[in-house]
Structures are given as structure tokens and as C-alpha cells.
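S.K.: From just these sequences and the hints, can you work out the full model?
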Amino acid sequence: MLRVAIPYGVLSAAQMRTLAYIARRYDRDYGHFTTRQNIQFNWIRLEDTPDILDILADAEMHAIQTSGNCIRNVTSDQFAGAARDEVLDPRVHAEILRQWSTLHPEFTFLPRKFKIAISGSAQDRVAARFHDIGLLARPGDNGRAVFEVYVGGGLGRTPIVGVKLRDDLPEEDLIAYLEAVLRVYNAYGRRDNIYKARIKILVQALGLDAFRDQVNAEFVAMDRSRYRLAPKVVEAIRARFASPVFEDAAAAATQLAGQVKADPAFAAWVGTNTHPHQRDGYCSVTISCKPAGGIPGDVTSAQMDLLADVAEQYSFGELRITHLQNVVLGHVRQDRLFALWQVLAANGLGTANVGMITDIIACPGLDYCALANARSIPIAQKLSQRFSNATLQHEIGALRLNISGCINACGHHHAGHIGILGVDKRGEEAFQITLGGSAGEDASIGQIIGSAMSEDETVDAIARIVDTYLVRRKPGEHFIETCRRLGAAPFKDVAYATA
Amino acid sequence: MPLLENGQIVADGWTLVQDDQVLPDGDILVPLSRLSEGLGRNGKGRLGVVLTPDARVEVLKEALPRLDLVCLTFPIFRDGRAFTQARSLREHLHFAGAVRVTGHFLPDQYEFLLRCGVSQLVIPEQSDLTVWQKAHERITVAYQPSVLNEKPEGFGFRRFLSP
Ligand code: HEM
Ligand code: SF4
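If you read the sequences in order, they're chains A and B.
The first sequence begins at 1 in the numbering used here and counts up one residue at a time.
The second sequence begins at 500 in the numbering used here and counts up one residue at a time.
Honestly, the hints are just simulated from the structure, not real lab data.
One should not assume that every hint holds.
As the list claims (entries may be wrong) - Below, in silico cross-link-like pairs of lysine-lysine (BS3-like), each with a Cα-Cα straight-line distance of 30 Å or less:
(1) 164/A <-> 232/A
(2) 650/B <-> 633/B
(3) 474/A <-> 196/A
(4) 115/A <-> 232/A
(5) 650/B <-> 232/A
(6) 196/A <-> 113/A
(7) 113/A <-> 633/B
(8) 113/A <-> 164/A
(9) 543/B <-> 115/A
M.R.: Structure representation (C-alpha cells):
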């Protein structure tokens, strides 16, 4: 397996073509987008890796810090620099953190891996509270950024919602403060048991106040001038993320409205797969990598080439991988959406399901992973098939369904409104269902509703859970809201009510 | 075992004192538990102390002006606590003596060790010095300040490491 770093998920069309080439030449003609906004190739031969790393280097890419007990790829909002609800472009500081964490001399042999996410919008699209460090950026006085800092969140065996460490970290101290947090973790995080080695366990063991005291002691002791983030460094980096030169697209919305009216399938896609843009006449497009019955996150070489082409034609040659394993074009003119959709649909990339029940996150599971208890992919495919009807999905509305093949939780099952966890039941593959998780501002951990079932029983149970929601919901209520209002009991009853 | 300092193998004049041994004359390296005894020794040679990875370097605060060497330990290369200890010795306690590492670490970690303030490495017998040299020369830029005070140069945090 070879995982390639895609810093904060952003890459160019040329880089995407390089990935397509690697998949075609060295792998089985496809790649897999991961929940850390990276790409993973599952069938690389060890002896080919030097050549592949050379090819990647020519495209300014590498595989450094994509595994190991170091600071991993910093993730960010897939709509960064485009979203209408954005208050600060998080890519600037994501890039600062990428630089700072790359080959960090002190923090490359931590107790365990370390994941940082950064968002600059009111709506948390990065699951900041499920990261070792989650940063929420906002503009402060004097035009410089201020950060809310969350620490100690994570999934895995011990799912924990991160806690707020600071409310008002000034930009100039960002690096110094993170150095202080990492130093405390490196010195005191547990190393005797890998399942207790993440920073979340240290924060729990010390308690938030004691942990904060330690960090502050370090922060006060260090020579902060050495770590101060100078405005000119920030500005130089900001310049690299300047907005593209937008055209005047004032009439685009009107044209789009006409096309939407004329074509219900297109209208459904626009409804689910576009996101409001800062600029009138533009929008961001999420290209679903989850076709009905498909494998979440898998993309063929031909599709990668096509994604590169459409990025060049429609979105300034730039793409973003999302932590939900889809691909985003940041800046598309609204009057060109119809043409884009037609190309995508013709190539198996036009599924209108972003944010819906079939926009499933699934880990590789037993098909690829030695630690798995159960296969995640076949059950994902069955569920995707089961709910593939567009009208039904639309009726169900926003629903996050996440699947992990074992307790390591790579598929973030605890953070799903509905989660599925693969377990081993007397040597058989079986699945537990969790309900009520969420990764957003209202972060919560899904709770197991009962004993494990077979694959087919689980698919049926989820169908009954969803039916119950449709029957019991109040007007306008999303699945997660109904779930919180009613509690797990009614859903549990139907899940196990085999006729 | 060979001692690597400034890219060369140098003579190691220090004697590592075992737990139950009477403190000899000359330059001696004692465990933390025998530090005060070492400090009380009359004249005749320099003093160094060995820290285990779980020790806080702050415990040396008082003694540090009288120490010439602090030796840090890697039980296994993945246990990176010595990086933080080295850095704290240099940055917080402004220790100007030698910082040595012993135990299990890899040539790949050489540059990181130097940048955290380590100045001496106890490496395995028969080590091929060119491997260590290559590890030192492979990467020529860095993106963070370190105790080496590299001069920022170029875009963002970029700075050049000295050869
Ligand atoms: C193919 C073999 C894989 C293996 C053997 C593997 C193994 C593991 C293990 C052991 C953990 C738990 C570590 C811990 O928290 O202590 C973990 C966590 C994680 N893995 Fe994987 N993984 C694999 C593939 C993937 C893939 C393809 C993805 C992305 C889709 C992924 C995403 C994650 C994430 C996000 C976590 C962290 C959960 C958390 O926040 O604690 N993994 N993995
Ligand atoms: S959750 Fe378990 S089965 Fe799935 S990829 Fe992670 S370790 Fe493997």
C-alpha cells in the first residue's frame, strides 16, 4: 500500500493526472481517496516504489508523514476559499501547519499519530472536535486571525469529543502554542500501550485543567519570539491562495434556474451536489465518488483523468479531495453546471447523493485490511443499492452513514448519524449499529443499540430504522434531530423486530 | 562503542559509573540517582549525568552549571522523548555542554537529533560513517526553527540547514 499526501486535500489537474498514471501503470487501474483527504494505492509492489516516488516528486508530491507516529496530513474545509459562509480562508494556516509539521525534528517520533484539522467557517466541515487538535479560525482585530483550539478528540477504540483548550489564540502564537501542546504530549503521552497512546488519553488522564496548565507552563517558558508567526510570512503564503480571476457571471443564476426547471434529474444533482459560493454566479461542486452500488472513495484512472480535465475546463485547474471521500471543484460558473453535469454523468461521476444516505464513508475492511473483523465494502454496496432510488433518498434527506470494519474506526462509525461497526461473532462476520453520532459543531458519539447481526439483517434493520424516522419525524426534521428527540429506543425496537 | 561528534569518530574519555560502583576519578557519567553524590565528589575530573526518557530535565536546573555532559537514552528508536529532552535542555535551560544520546536510534534520525541540540551520538561498532554523513546531507532545507538557529530563507518558513 502506498499513501500519497495531498496537503489539505488540494491538488492541481496535473497532479491528478500523475495519480491517474500511477494507478494505471503500477496499480490495478484505480485509487482510493481516504478520509484524510489523501489517496491510497492498495496494490503497489515494493520494488516499484522508488520509481513512483520519483514520479510523484516531479509533480511536487510525496508520501512523507502519511503513516507513522508523526503529525499527519493537515486536513481542511473542502470549500476553503470559496464557501459563502467562510469567515477566514483556512488554507493559509493549513499551509503554515503543513510547512511547520514537515520533517519536524522534535515531533516525528510521538507516542502515536497526530492529526490536525482546521476550519474557517461557522459550519464545521472538518470534524474539528474529532481530531488530536482541531482549529477553528476567525478574523480578529487588526486583520489577523484568531483560533479556537480543541484538543483530544478522536475515534478509534476510545471515541472522545475534543475539548476546548483555548478560545482566543492569536495568529502570531499559533506555532508556539502548538509546539507547547506537542511537547507536553511527546514528553508525557503513554508509550506502553498503543491503544492508550493518543493525546486524548493523556488529556483524559490529566484532566483538561491540568493538561492546560502543563501546556501553558511550556508556552510561558519557551522563547516565543523564535516561533512568532510574522505577518509577512502569513501574507506571503496568503498571496499563493489568492482568489482566481472570476468572470462577470451576473446572468449565470438565471440561466441555471431555467435549466433546473427543465430537467428534474439535473435539479436533484444541483440540489445535493453544489455549495454556495462567495461570488455571485459561481458555486462549488462536489463530485460524488459513491455511485449506486459502488465502493466509496474508489476512482478509476480514467475517472481521475476526467476529473483533471473538468477541473481545467470548469474550475481553474484545481481540485480538492474531501474527508468524506468525494472530489470538489471549488469555483464553477453556474451557467456551466449543466454541461459539467452531463460530462460527469456520462462517466459514472454524476450521482446526486452528497450528504445523503448513500454518500457512505467506509473503511477498506477485511478485503484489504489485516486488522478487520468484517468486510465493510460489500455492506456499503448493499446499502448504497438499497437506497439508490433518488426520490427515496431525497425524501430521507441529510443522513450520514459511516462504516468501519473493526473498532479502530477508520470509517468513523461513531461520528455517523448511523454507524456500522464490523465485529467478530463466534468466527462469523457481524455488524453492530450505532445511532446519534455527529462530526459537526454539535459533535456527539454514536451509541451502540444492541447485539450484532449478519450483513443482510443489518441492511434490513437500517431500512427499518430509516422507515421509523420517516414515520415519526416532525416536519422539516433531519434524521439526527429525530434521533436526538426520540432517543434510541424506538429505533432499537424496529431494528430487532424481525417479523 | 564509537562516539560520533561533528561528523567524526572521537575518543570517548568518559567513564560510565554503574549503580554500585565507587565513584572513580576522571570524567564520569552517573545515573540521575547518584547526581548529588557526583556533585559532592572532590575535584579530579568532569561530571555528566544519564537521564532515562521519563526524567524531566528540569530536575537538573540547579546542577546544570556544574555539568559538562547530559546523556539521553533511546530504549528504541520510536521512543522520541529524548528529542524533547534535548530541546528543553538547550532552549529552556540554556545548557551549553555536550548533549549525548545512547541506545537505539537510526541514521535517519541524525539530522533531527542535531537540530534538537544533540552533539554526541554513541553509535554501534562497525558503523559505516558514510551512512550517517548521507543522512546529514540528504535534506538541506527545513521549515521550523531549531536550536541551530538556521537563517530563514525563501518562501514561508523555509530555511537552509548548514552542511
Ligand atoms: C489498509 C489498511 C489499514 C490499516 C491496517 C489501518 C489501521 C488503523 C489502525 C490500527 C487505526 C487505529 C489507530 C489508533 O487510533 O490508535 C487506524 C485509525 C484510522 N484510520 Fe486506518 N488503517 C487502514 C486503512 C485506512 C484507510 C484507507 C483510511 C481512510 C479511508 C483510514 C483512516 C483512518 C482514520 C481516519 C483513523 C483514525 C481514527 C481516529 O481518529 O482515531 N485507515 N487505522
Ligand atoms: S477500521 Fe479496522 S478494518 Fe477498517 S481499515 Fe481500520 S483497521 Fe482496518
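S.K.: Run every hint past the structure and note whether it holds.
M.R.: Okay, the hints, checked on the actual structure:
1. 164/A <-> 232/A: holds, 29 Å
2. 650/B <-> 633/B: It holds: about 22 Å lies between the C-alpha atoms, which stays within 30 Å.
3. 474/A <-> 196/A: violated, 42 Å
4. 115/A <-> 232/A: The hint holds at about 27 Å.
5. 650/B <-> 232/A: holds, 16 Å
6. 196/A <-> 113/A: holds, 12 Å
7. 113/A <-> 633/B: It holds: about 27 Å lies between the C-alpha atoms, which stays within 30 Å.
8. 113/A <-> 164/A: holds, 20 Å
9. 543/B <-> 115/A: Cα-Cα ~51 Å, so violated.
When each numbered hint is compared with the structure, violations occur for hints 3 and 9.
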